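K.L.:
So the protein sequences, as listed, match chains A, B and C.
Take 37 as the starting number for the first sequence in my numbering and just add one per residue.
Take 4 as the starting number for the second sequence in my numbering and just add one per residue.
Take 108 as the starting number for the third sequence in my numbering and just add one per residue.
Among these hints, one or two may not hold up.
Claimed, not checked - Coverage of chain C stretches by chain A, computed from C-beta distances (three or more under 8 angstroms per stretch; other residues unrestricted):
1. 408 to 416
2. 421 to 434
3. 544 to 556
Hint data in this document are derived by calculation from the structure and do not stem from the laboratory.
On a predicted model such as this, the values are computed, not experimentally measured, just so you know.
Backbone N, C-alpha and C fix where the C-beta goes; we use that ideal spot for every residue, glycine too.
What follows is each chain in one-letter form.
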Amino acid sequence: MAPGMNTVANDTMTNDPILKVEHLSMRFGGLMAINDLSFEAKRGDITALIGPNGAGKTTVFNCITGFYKPTMGMISMRQKAGKTFLLERITDFEITRDAKVARTFQNIRLFSGLTVLENLLVAQHNMLMKASGYTILGLLGLPTYKKASVESIEIAKYWLEKAHLIERADDPAGDLPYGAQRRLEIARAMCTGPELLCLDEPAAGLNPHESLALNGLLRSIRKDNDTSILLIEHDMSVVMEISDHVVVLEYGHKISDGTPDHVKNDAKVIAAYLGVEDDEVEEVIEEIEGTQGGMQQ
Amino acid sequence: MEYFIQQLVNGLTLGSIYSLIAIGYTMVYGIIGMINFAHGDIFMLGGFAALITFLMLTSVFVGLPVVILVLIMIAAAMLTASLWNWTIEKVAYRPLRGSFRLAPLITAIGMSIAISNFIQVTQGPRNKPIPPLVSSVYNIFGIAISLKQLIIMLLTVILLATFWYIVNKTSLGRAQRATEQDRKMAALLGIDVDRTISVTFIMGAGLAAVAGTMYLMYYGVTVFTDGFIPGVKAFTAAVLGGIGSLPGAVLGGLLIGLIESLWSAYFTIDYKDVATFSILAIVLIFKPSGILGRPEVEKV
Amino acid sequence: MANMSNMSERAGGSLTAWALREGFYAGAVSLGLFVLFVGLETTQNIRNELVLNRRLGLLGIFVIVAAVGRFLTVAYLRPWAAARKAAAAAKPAEGEEGFSKRNFSKIAIVFLLLYPLIAISIFGVQGSLKWVDNLGIQILIYVMLAWGLNIVVGLAGLLDLGYVAFYAVGAYSYALLSQHFGLSFWVLLPLAGILAAFWGMILGFPVLRLKGDYLAIVTLAFGEIIRLVLINWTEVTKGTFGVSGIPKVSVFGIWSFDVSAANNFAKAFGLPMSSAYYKIFLFYLILALALLTAYVTIRLRRMPIGRTWEAMREDEIACRSLGINTVTTKLTAFSIGAMFGGFAGSFFAVRQGFVSPESFVFLESAIILAIVVLGGMGSLVGIAVAAVVMIGGTELLREMQFLKRVFGPDFTPELYRMLIFGLAMVVVMVWKPRGFVGSREPTAFLRERKVVSGSFTKEGHG
Numbered sequence: 037m038a039p040g041m042n043t044v045a046n047d048t049m050t051n052d053p054i055l056k057v058e059h060l061s062m063r064f065g066g067l068m069a070i071n072d073l074s075f076e077a078k079r080g081d082i083t084a085l086i087g088p089n090g091a092g093k094t095t096v097f098n099c100i101t102g103f104y105k106p107t108m109g110m111i112s113m114r115q116k117a118g119k120t121f122l123l124e125r126i127t128d129f130e131i132t133r134d135a136k137v138a139r140t141f142q143n144i145r146l147f148s149g150l151t152v153l154e155n156l157l158v159a160q161h162n163m164l165m166k167a168s169g170y171t172i173l174g175l176l177g178l179p180t181y182k183k184a185s186v187e188s189i190e191i192a193k194y195w196l197e198k199a200h201l202i203e204r205a206d207d208p209a210g211d212l213p214y215g216a217q218r219r220l221e222i223a224r225a226m227c228t229g230p231e232l233l234c235l236d237e238p239a240a241g242l243n244p245h246e247s248l249a250l251n252g253l254l255r256s257i258r259k260d261n262d263t264s265i266l267l268i269e270h271d272m273s274v275v276m277e278i279s280d281h282v283v284v285l286e287y288g289h290k291i292s293d294g295t296p297d298h299v300k301n302d303a304k305v306i307a308a309y310l311g312v313e314d315d316e317v318e319e320v321i322e323e324i325e326g327t328q329g330g331m332q333q
Numbered sequence: 004m005e006y007f008i009q010q011l012v013n014g015l016t017l018g019s020i021y022s023l024i025a026i027g028y029t030m031v032y033g034i035i036g037m038i039n040f041a042h043g044d045i046f047m048l049g050g051f052a053a054l055i056t057f058l059m060l061t062s063v064f065v066g067l068p069v070v071i072l073v074l075i076m077i078a079a080a081m082l083t084a085s086l087w088n089w090t091i092e093k094v095a096y097r098p099l100r101g102s103f104r105l106a107p108l109i110t111a112i113g114m115s116i117a118i119s120n121f122i123q124v125t126q127g128p129r130n131k132p133i134p135p136l137v138s139s140v141y142n143i144f145g146i147a148i149s150l151k152q153l154i155i156m157l158l159t160v161i162l163l164a165t166f167w168y169i170v171n172k173t174s175l176g177r178a179q180r181a182t183e184q185d186r187k188m189a190a191l192l193g194i195d196v197d198r199t200i201s202v203t204f205i206m207g208a209g210l211a212a213v214a215g216t217m218y219l220m221y222y223g224v225t226v227f228t229d230g231f232i233p234g235v236k237a238f239t240a241a242v243l244g245g246i247g248s249l250p251g252a253v254l255g256g257l258l259i260g261l262i263e264s265l266w267s268a269y270f271t272i273d274y275k276d277v278a279t280f281s282i283l284a285i286v287l288i289f290k291p292s293g294i295l296g297r298p299e300v301e302k303v
Numbered sequence: 108m109a110n111m112s113n114m115s116e117r118a119g120g121s122l123t124a125w126a127l128r129e130g131f132y133a134g135a136v137s138l139g140l141f142v143l144f145v146g147l148e149t150t151q152n153i154r155n156e157l158v159l160n161r162r163l164g165l166l167g168i169f170v171i172v173a174a175v176g177r178f179l180t181v182a183y184l185r186p187w188a189a190a191r192k193a194a195a196a197a198k199p200a201e202g203e204e205g206f207s208k209r210n211f212s213k214i215a216i217v218f219l220l221l222y223p224l225i226a227i228s229i230f231g232v233q234g235s236l237k238w239v240d241n242l243g244i245q246i247l248i249y250v251m252l253a254w255g256l257n258i259v260v261g262l263a264g265l266l267d268l269g270y271v272a273f274y275a276v277g278a279y280s281y282a283l284l285s286q287h288f289g290l291s292f293w294v295l296l297p298l299a300g301i302l303a304a305f306w307g308m309i310l311g312f313p314v315l316r317l318k319g320d321y322l323a324i325v326t327l328a329f330g331e332i333i334r335l336v337l338i339n340w341t342e343v344t345k346g347t348f349g350v351s352g353i354p355k356v357s358v359f360g361i362w363s364f365d366v367s368a369a370n371n372f373a374k375a376f377g378l379p380m381s382s383a384y385y386k387i388f389l390f391y392l393i394l395a396l397a398l399l400t401a402y403v404t405i406r407l408r409r410m411p412i413g414r415t416w417e418a419m420r421e422d423e424i425a426c427r428s429l430g431i432n433t434v435t436t437k438l439t440a441f442s443i444g445a446m447f448g449g450f451a452g453s454f455f456a457v458r459q460g461f462v463s464p465e466s467f468v469f470l471e472s473a474i475i476l477a478i479v480v481l482g483g484m485g486s487l488v489g490i491a492v493a494a495v496v497m498i499g500g501t502e503l504l505r506e507m508q509f510l511k512r513v514f515g516p517d518f519t520p521e522l523y524r525m526l527i528f529g530l531a532m533v534v535v536m537v538w539k540p541r542g543f544v545g546s547r548e549p550t551a552f553l554r555e556r557k558v559v560s561g562s563f564t565k566e567g568h569g
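The shape of chain A in the complex, shown without the other chains (with noise of 0.2 angstroms):
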């Protein structure tokens, strides 16, 4: 957790994933949600989920977490130690709690009645559970659970700093501005101690300025703290600058796979996103090739 751990991002380029979705469905009533999709996290990788909307992307996502029971397929997490889960099997505490898969949410969901310090303290209940001896030991203030709930609080104002909170740390969370939320979710899915970070459109919504940083809060989060990321996001200067390795999924399916640039040129993916039948996408494609300048920034 301690800042200055070893750097894993020039690893990517040994097959090392962290996650592997393989053959992954998931069907509600007659609706086709995900249909057999397979892709791979690398450890140390960004990886950007994108498509358009109803493209199935916080679906996967809730079957990655454990939220939806897939009805077809294997996601499988192998740690560091190299253990592995397969989190279909598992429920959504167990996800966070023993894969160390964290996650955020489209719709932030922050404990807002609580201050922004005490999300944090939440975020590490395992920890502080089995330091308090399941509360016994704590109820009879025991040294152990003390130094724990020093450390946690050391954890706490690390994450604060990080994610330029510390001024705010007393104050509910439901009173910070919309961007500093997203920041919170996001420390606050961090004192987990994951080695899988799952964020759910972690840019939407925020100003050019905020969506900024929030680049460079996750590539430390990335470097720094030796954790893999998995996103989904909308905003196209976040994906084509921070991830390493974009999936575009359309109904369900996934259409390309690659670095930013590949995807980026796939005609695919262009024509997923500007909608226009199959025959049409070379014409688009050379549309494209001139207004590439845009869409890289």
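Position chains B and C against the provided structure of chain A, taking the given hints into account.
P.N.:
Just chains B and C, lined up with the frame of chain A:
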């Protein structure tokens, strides 16, 4: 076999009464998502209104035909109970709409306590018996069916048909269904949401009042605490059928009535309420959406 | 229905004309509401038949009060309240709280410790009985129950309408075990708590998947089932007759309060015989139990489990996303709350010397829940204040004999207790939907402890 059918008839009679009360619960829950705890007491209030009207009429007009007597009783009960429910909604529930979720529930419990104690204070705590209004009993293939039972079942069918027509075929019903789906959107489309909710409370109270009148006729007695147990049973019926679903409320009511009378007939009468409450618990634990309700998907 | 008219309609006529119209409608509506129930009274005549008495004068009073009240509200009270609100908004927020407000709980505890002595010094040993027993002990039982339920409803956000079941478990545990096995209160008190917590877990396990109102109704059903079993399982519980002759509690086995015992408290100290000593001892006993509840609650809130209860009340899904097992977390809240209910139950049994299913009806659960919500969920001080107001207020009605002079000798004020209680619940909720104390104290802070306003806290969905 005859004994079984006999119990079936008794159960259906009781179930008819529960169905009528259950509709009030299910409609209010559907439209504003609140358990109207005072609904059982509105049922009791309706019974008392019918009782007092009965005493008034029989003391003024001696020898009034029973049909007219019963119709006036029902009308008086419906009017009074509807006015009460309308006032309660306006005074106690409306100011809390959209606030803290527990507040309306606590208010409704408070109202329930207040109504039953109001009746206790104004009408006394004792049981109030009335002489039987209709006492003929028909014997069909060895099964005794009283005229009371026939009237109750017939009246229930008529009311349910009328009610079904209002909800499904009139603009008022359409407004109700729209408000139930999405209150904000309904308001944007020009539906007077406040009025629609008021009407829902009035309709629910009207049906409960008829149920109260029939309960009084069936058992020949009422008392100020009579709202609680039938109220909880009717709520059980609404949940069993799937809360928010009108056919569900009717089905649930009939089932609860049948279970209660068959349980009393074949097992032990002492534990008949335990049976009802256990069913409520079991249904909620294993199929919270009830028999005809829509399952709720957890939005993440 | 026209009295639904709102501000925009008011523009047409003057305020007074509008108020007159509103008053008229209110009168008409109240005539409709009360004509049958107030205007007529059903009573039994000598032949045991129901007959009607007319009470038209009383009906007239009801209608006039409604009409005039509505008129005054619309014409004077509302504009006055609006003006005051505007004035209050213009004024800057209040600064430092006064000494008495800051140290409210300390002052209250000191007062409670001295309360029996104060009662004795004013009313004498025998005269203090009423104040210590009927008022003091009665209120403290509800304070303790409400603080216990507060863990479940106020902190964890689980709506429990069957809390009285655990109260019953505690009471019957003491009543039956002390009679059959002769165990003392001091052994059975923890045992009753453990049994209640155990029941809490058994009942809690299947139902805690349910949310909000459904959970409320299932807990109500369980509460009723336990009561019905107590009524019908006559071999063990003696049914509606109840269990009587429950032994008294001793002062930790040193002094007894049995009149015949050699180590009788009054004899040992050479005091004149009086039941007041026992009541005073009971007062301190329930005070200690209530303070224990408060102490544990305060400690637990600062522990990870307590903090997570509150987080779960705010957002259960977010909790699960943080790796928290919400089922066990809910279960601990449910069973710890049940445990305090069990403690209170065994105290109740020892105080009454008699338990019957009558004492554990749904109304009791409703009253306890009402106190928690009226006080402001989660706030110990607010809940204590609500218990004093609601229980103390209605108990005091018994004392208001002077009302007989106003309303005539047939007037029995205690008859109106529950009517007023119910109406008070409605009025307080409409007036303050978040209860007396809506804000919450943070459990940890970095620089300064700021109170979180009630507008941010949520009430739970579980």
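K.L.:
All hints are to be evaluated individually against the structure, with a verdict given for each.
P.N.:
Hints, one by one, checked against the model:
1. By the rule of at least three residues with a Cβ nearer than 8 angstroms to a Cβ of chain A, the coverage given for the segment 408 to 416 of chain C holds, with 5 such residues.
2. Evaluation of the coverage hint for the segment 421 to 434 of chain C: fulfilled, as 12 residues show C-beta separations to chain A shorter than 8 angstroms, against a requirement of three.
3. With 9 residues having a beta carbon nearer than 8 angstroms to a beta carbon of chain A, the segment 544 to 556 of chain C meets the requirement of three or more and the stated coverage holds.
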